[in-house]
Amino acid sequence: MRALFAFVAGGIFGTGLLVSGMTDTRKVQGWLDVFGDWDPTLAFVLGGAIIPMAIAWRFTVGRRPQLGGEFPPPPEPKLGHNLVVGSLLFGAGWGLAGLCPGPAMASLSYGGLGGFVFLAAMMAGMFAAPPVRGWVDGLAGSS
Amino acid sequence: MEQDWIWGLVGGGLIGTAAAVYLLINGRIMGASGILGGLVDGSGWHHWAERVAFIVGIVLVPIAFVPLYTEVDTHISSNYAVLIVAGLLVGVGSRLANGCTSGHGVCGISRFSLRGIVATVFYLMAGGVAVLLFKHILGVI
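In order, the protein sequences belong to chains A and B. In terms of my numbering, the first sequence is residues 1 to 143. In terms of my numbering, the second sequence is residues 1001 to 1141.
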């Protein structure tokens, strides 16, 4: 059952990314291109996604997930170096290719060979992340 | 072109609905980088079936909708060096930050998470600088 609903969620997510235009790297780069021909679409996508999710978070209060377990605990208020360094690196790659992890997976069936090249590099980056995280912590601790 | 914002809103609504399903039914945060990254580095192998099912859904279900469009073009760069550098940055960065556009952006901001908001501000800034640098100054994209 958990896998079934994960499949459903993934399917709706992938379809939403296609419908919204967020698997089109030009639209994403257009949103980030504040000094060029700016495309505001991504703001509507993010707004449209946050509204149902904000309602969902409200609905979690005093309840449990339908399939058991617990809802994720509130996020730690601690920010940390890895959050900032990671977000800067992620954003730079996002701007460079116009792809983030969700659309990279959602567009695999229609993105051609380039989509697989990006995905393979992204997975290599994910594999390398744990030691890099330790390294950032070390630098932050010694400074 | 004028309808782009409407489709953005509709697609965004689907993305938020997907995140709500994953939260309310499975009790989990729908973060694309976390779901895939946990399989890649082994930290999420105890939830492997759920993660694999999610990825199968995100990859395969859009195939049913692509024929509704006269053309679907991701306009992805044909420069593999650009794709490899960008992919490495996205992979490392999203895992260091513990989230990407879906986890921090959609799921984090909607619960007013300070971490989600801070991450979103930094990756938007870096993305804007990257497009300015690589498109307008260096002209490689």
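Derived from the structure by calculation, the hints contain no laboratory data. Be aware that a few hints might be false.
[Said to hold, decoys possible] Computed footprint of chain B on chain A; a stretch qualifies when at least three of its residues, placed anywhere within it, have a C-beta under 8 angstroms from a C-beta of chain B:
(1) 7-16
(2) 21-33
(3) 104-113
(4) 116-129
[To be verified] Chain A is faced by these chain B residues, among others (derived, beta-carbon under 10 angstroms):
(5) D1004
(6) N1026
(7) W1045
(8) V1106
(9) G1128
[Stated by the list, open to error] Looking from chain A toward chain B, a few residues come up when the C-beta cut is under 7 angstroms (computed):
(10) A49
(11) P72
(12) N82
(13) L96
All of these numbers come straight from a predicted model, not from anything done at the bench. Yeah, the Cβ is synthetic: ideal placement off N, Cα and C, and Gly gets one too.
Could you check the structure against the hints above and give me the numbers of any it violates, in ascending order? 7
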